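What follows is the residue order along each chain.
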Amino acid sequence: MPGDQTELERELKLEGVGTSRKRKEDARFIRGQGSYVDDIKLPGMLFGAMVRSPYAHARIKSIDKSKALAVPGVVAVLSADDLKPVNLHWMPTLGGDVQAVLADKKVCFQLQEVAFVLANDRYAAADGADAVEVDYEELPAIVDPKKALAPDAPVIREDIADKDNVGHGPRTHPNHIFTWDAGDKEGTDAVFASAPVTVREEILNPRVHPCPLETCGCVASFDKVRGQLTVYMTTQAPHLVRTVVAMLSGIPESKIRIVGGDIGGGFGNKVPVYPGYVAAIVASIVTGVPIKWIESRIDNISTTGFARDYHGVGELAADKDGRIKALRFTALADHGAFNAHVSATKLPAGLFSICTGSYAIPKAYCRVDAVYTNKAPGGVAYRCSLRVTEAVYLIERMIDVLAQKLNIDKAEIRRRNFVKAEQFPYTTALGWTLDSGNYQVALEKTLKAVDYEGLRREQAEKRAKGELMGIGICTFTEIVGAGPTKVCDILGIGLFDSCDIRVNPTGSAIARLGTMSQGQGHATTYAQIIATELGLPSEEIQIEEGDTDKAPYGAGTWGSRSTPVAGAAAARAARKIKDKARKIAAHLLEVGEGDLEWNVDRFRVKGNPSEAKTMKDIAMAAHTSNLPDGMEKGLDATEYYDPPNMTFPFGAYLCVVDIDKFTGETKVRRFYALDDCGTRINPMIIEGQIHGGLTEAFAVAMGQAVPFDENGNHLGNSLMDYFLPTAVETPKWETDFTVTPSPHHPIGAKGVAESPHVGGIPCFTNAVVDAFAHLGVTHMDMPHTSYRVWQQCKALGINKR
Amino acid sequence: MAKKQAVSFKLNGKEVDVVVEPRELLIHTLREKLQHTGPHIGCETSHCGACTVDLNGMSVKSCTVLTVQCEGAELLTIEGFAQAGELHALQEAFHLDHALQCGFCTPGMITRAYRLLKENPNPSEEEIRYGMAGNLCRCTGYQNIVKAVQSAAKKLSAQAAA
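The listed protein sequences derive, respectively, from chains A and B. Here this note's numbering is used: position 718 in the first sequence is 718, and no number is missing along the way. In this note's numbering, each number is its position in the second sequence, counted from 1, plus 801.
Hints listed in this document are in silico derivations from the structure and should not be mistaken for laboratory results. Take these hints with a grain of salt, some might be off.
What the hints assert, rightly or not - What follows is a list of derived Cβ distance ranges for each label pair:
(1) B:L888 x A:E734: 24 to 34 Å
(2) B:Q870 x A:G634: 54 to 64 Å
(3) B:K834 x A:N626: 54 to 64 Å
Because the structure is a prediction, the values reported are computed rather than measured. Yeah, the Cβ is synthetic: ideal placement off N, Cα and C, and Gly gets one too.
In isolation and in its complexed conformation, chain A is listed as follows (with noise of 0.2 Å):
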């Protein structure tokens, strides 16, 4: 008998929402069982690769494939005249401009895709992608954005250069993509005119790549019979992919499918769309057999998916106590060589607006200006919605350099700052309403929990004795769940996501979800939130996802809005089935659907517990004869939810640094991260998710950079230069939360993922800063390497014994 067990029993069998189940993905992956891209094998199926430009702007005098064709193995050489008569050498991008698939009289980035090759095996096609002869004519080269507007600038993109709109409003110059602000600039100067204290600082988020350990790849494969396209790809985003694919193929959307299949990590790389992708589509096409192409490591650092290139300037007035009166940031951004970065039409800086930060900042005014430069185009986010790293990083170094320059303490300067509890929702002066929060508290914990004040003593122990010891804090506010679709659209579509539930007879349910997880262990959570919702065991309900071909369409996983969006999705579709299985409930208990109340898993009459009908029981009774007159069989229902807000989970980071002065090497001795991201569905996976976001924050303030020379030439693009730590290198991770629920999720959930990203760089740069903070410094451009830091500690002469 179901009764003989306690609530408490029932509800642990369960597995639901704030349990730490273990991952269902787990079983196939440590078996080597996974089935990623590149697993795939179709009989008949071709290795595509990639001829690409050996210069950064270049104009192409012409193509021989003569010896290529010659390769013993090749079957074809592709290049943008094959792909003009089916109009498929240009694509649109997810920011509202084209891209050359191949390169189309000219390339414009070191490494632009030129050539296709397709041929029986990888070596074949490596050997004829060597082979093919292009002769090209070098131009001068804009690598520094800050010369891109320059009157005489080279020109970069000709086929675009007549044109006084790319999708974002007017241009000014042919390298000009857009201008966006947003705020009272007016009301902000005047601020500006007469604040006690002003701080302004130079800021750079320097070009870096959200490198996944799997590259990008894809089998495209069409069935010229049936008209039907199947590519399997690694994308975050399936649905929004099938759309564009439509829209450049003229394949009706009905007969493609993209299948996204196991991902290895995407952290925004995985969003666009690439080149390759369509050279492979294209390919398959044209030759009616199944064709493979996979990214190689250096392609993949060197062509898709770059994140930042941010030159910012960020500005606060305060008066003589430190309260922030009003905060003016201008950024110049990089796109590259097309506008390929993933933002939302009415957005295209993204969600930049969100630096007010944690603060209440009477008056706010942020401009972005974007232009095109002879690097590669990107996605532009790496572990972040559209531009809030850039957002969060130059608030929360500016709030530090508020405080250096007035001797407040950078926790005491954060406190008369914040909004306040009782202030939520909190409209910002930058328009976005935060749902929830409880910054104090969570810096409370955090500095409690650290002994902050011993930290500061034992730095002044330090400093006195010449030593430097750096005490990094952020408290940062993100903003992910994109979107509202009245603010959020990509190419006109909604940013809206999708749950579909289906409960079978015997109580076990599938369902399928507009997202795509890429480790993430969405078929381990979402199954938790609806086993919580209609009382099933998590056990028993299968999460299916990235397939287009049984998933209901939604934008996919990406800036954290799995939980957000999809997440509320799944719930709200339970809330349907449960709202059946009342009515269902209440016809075979014979009372009124006002006496029931619910319980765990099971309809019971109020006050007679015993007299009560299991979900497993009404799903049984959905498909027989005894129901409700009129009543519609089955137990299923679907839900595309459009969020009325975004969610902003936030947190207070800590991190303590030693610096060798002689050397620069800095040893991260503790980091402490307090994340709130309202209702926890599962403890585990948060602290996974932490762990994760924490380390790439690490390698992206400690490592990382993309560089070029003058020319345009890639000066580190394999894993030999670009810094991804190793677990030697690895700090360890301390973590702790708050829990305040987001008052319009369903469940009250925000996403995590990227906190301890967009936190963790400002707290890194922040501790390493502070501990030159007493020598006069104010900032020191990321990355923090020792090299870097030893030319700061040769600058400031401290650096010889």
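Once you have looked at the hints, place chain B on chain A.
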């Protein structure tokens, strides 16, 4: 193109024969000719360790081993870990300690940890971090991987003592 060569080796206890170009890398032979897609390709430059396999009792990155070098060798890949349906202690520990997220590095990580624990059955945390430094993970921050290797070491030691 050089003449193809026949190569025979033992893969997870079974004799296999392949015919390959002399330049063919072991990772490609394993993945494309022998359908062992557990080991992955993450960088092609020996940095990431996703392709780690165990070759004659040593961890090697199979993206920098030629298949023709494997004549007569004994190879262990992630596919050879579970015995008679029973998971190896490392596989179980990776699951229980949440030591994986996207799963792409996992086969290489487990294979490397296997050899590490053969060489040093009771490693300290620092020894694990050092011993696993040839394998990159972008998702977990390594903390739970270290934990999993520690739990597996304990379990394996207990089994050995019993």
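### Message
The hint says 54 to 64 Å between B:K834 and A:N626; measuring C-beta to C-beta, is that right?
### Response
At 58 Å between Cβs, range holds.
> Do the beta carbons of B:Q870 and A:G634 sit within 54 to 64 Å of each other?
Replying inline: Holds, at about 60 Å.
Beta-carbon spacing of B:L888 to A:E734 - inside the hinted bounds 24 to 34 Å or not
30 Å, holds
Figure legend: structure checked against the earlier numbered hints; every hint is met.
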